[in-house]
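J.: In order, the protein sequence lines correspond to chains A and B. At position 18 of the first sequence (counting the first as 1) the number is 83 in the numbering used here, and the numbers step up by one without a gap. At position 20 of the second sequence (counting the first as 1) the number is 21 in the numbering used here, and the numbers step up by one without a gap.
Since the hints were made in silico from the structure, they are not lab data. Beta carbons: idealized from backbone N, C-alpha and C, even for Gly. One or more of the hints may lead you astray.
Just a few of them, taken from the derived set where beta-carbon distance is under 7 Å, the chain B residues facing chain A [claimed, not checked]:
#1 Ser70
#2 Ala94
#3 Val118
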Amino acid sequence: MNNTNRALNRALILVVGLLTLLAGAALVAITTLPVIRADYRASAPRVHGELTGWFKTIPLAETGTSWGWILILAALVLIVVLLLIFIFRQGHGHDDTLLREDTTPGGATVIDSDVAEQAIQHDLDGRPELLASHVSTYRVRRTAVLKVSVTCRRGESPRQLAEQIENTLTALDTLLGRHIPALIQISGGFRARLSRRTRVARTAHAR
Amino acid sequence: MSAPAPYSYRRILRRETHSSRAVLAIAVAVAVILLCLYSGAEIILMMLGQRALLAAPQDMLTSLSTLASTPIAVPVTTGILLMVVAILLLIGAFTPGRRARHQIPSTRAAVVVDNEVIASALARNAARAGNTHPDNTVVSVSARHAIVHLTPTSGTPARRDAIEDAVQEQLAAYELYPPVRASVVINAQGKVGA
Numbered sequence: 066m067n068n069t070n071r072a073l074n075r076a077l078i079l080v081v082g083l084l085t086l087l088a089g090a091a092l093v094a095i096t097t098l099p100v101i102r103a104d105y106r107a108s109a110p111r112v113h114g115e116l117t118g119w120f121k122t123i124p125l126a127e128t129g130t131s132w133g134w135i136l137i138l139a140a141l142v143l144i145v146v147l148l149l150i151f152i153f154r155q156g157h158g159h160d161d162t163l164l165r166e167d168t169t170p171g172g173a174t175v176i177d178s179d180v181a182e183q184a185i186q187h188d189l190d191g192r193p194e195l196l197a198s199h200v201s202t203y204r205v206r207r208t209a210v211l212k213v214s215v216t217c218r219r220g221e222s223p224r225q226l227a228e229q230i231e232n233t234l235t236a237l238d239t240l241l242g243r244h245i246p247a248l249i250q251i252s253g254g255f256r257a258r259l260s261r262r263t264r265v266a267r268t269a270h271a272r
Numbered sequence: 002m003s004a005p006a007p008y009s010y011r012r013i014l015r016r017e018t019h020s021s022r023a024v025l026a027i028a029v030a031v032a033v034i035l036l037c038l039y040s041g042a043e044i045i046l047m048m049l050g051q052r053a054l055l056a057a058p059q060d061m062l063t064s065l066s067t068l069a070s071t072p073i074a075v076p077v078t079t080g081i082l083l084m085v086v087a088i089l090l091l092i093g094a095f096t097p098g099r100r101a102r103h104q105i106p107s108t109r110a111a112v113v114v115d116n117e118v119i120a121s122a123l124a125r126n127a128a129r130a131g132n133t134h135p136d137n138t139v140v141s142v143s144a145r146h147a148i149v150h151l152t153p154t155s156g157t158p159a160r161r162d163a164i165e166d167a168v169q170e171q172l173a174a175y176e177l178y179p180p181v182r183a184s185v186v187i188n189a190q191g192k193v194g195a
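Make a model of the complete structure from these sequences and hints.
T.: What follows is the structure in structure tokens.
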């Protein structure tokens, strides 16, 4: 429901995975394959020499160090900042506005998400078969979508629960005069495992 | 009241039944950040002329360039470890990462149910059909299979066909997607007082 960029997640894992694989394979190849080992022994010191030579061509004032290190530091800082943005970009996508319609030329009608969330929440709160419920609104591809997540008691029929919540949603449709897309998520979880199986329900069960 | 707008739940259902790989991606990002911070710290210490934490950056480069002339035990072990980590990351990047959930068809909304909920509902019904307590029924639900393990109460035989019928009937009512096939295993030994 949230707007985590999943392709980006996988891309990051893929790139880091490939780089790690490359580094690991290079280490093993250099140390164990005679041909590569000989090549590396011949060329590595030259590359190393060129690199340190380059560092010496751009000295940093009289400090004995080099601008090269500053450049590397800047690159490291950039990577860290980008990754931090990446981490804090995960999740999100909640929306406060359920509907916005330009009903007249002079004004618009705005319905807050709270209206639908509280209406559904109120209807679900009294139900004995539910241990907990939470209603939230997400913006998915520019449409507000309700997410109704419920934790149910052990042994409840998921189909029946889904139908009951659908009825609640249909009632909301009537109330609003609009059809709001919704996701119903039924989970068990830790609280369900600890709770008693039996309950006293308005629709009395045989057991 | 306006006609219900046709809304496609495909994207939502796909996202709700598959992992976002957020945990793995964040772990990878944190690891890379730590590596960057460490390298940065070593560079700054070197520039200030302080003692290195582990090794100064120039010394690292030097030892990297003489890698082919030094003992191989450490670099080979490191290399193999890196490759193992890399393969795990690549598996994470390419596998679909299915979550333990099923879809239930609905006309009004998209519905996803944890496998755990399906299992406990099946357990309740199997126990009722087998004349035993739900605590003596263990059900595991995976993407396409449900396995019902039932321990009958001593003295009251559990009828396999009755249990199978009850489980089948429930599964048929749920209309899960992906579809789930059930198999029932009845313990040969009963349990007293269950």
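J.: For each hint, tell me whether it holds in the structure or not.
T.: Hints, verified against the model:
1. Ser70: Ser70 of chain B check passes; min Cβ-Cβ to chain A is 6 Å, inside 7 Å.
2. Ala94: Holds. Min distance 4 Å.
3. Val118: holds (5 Å)
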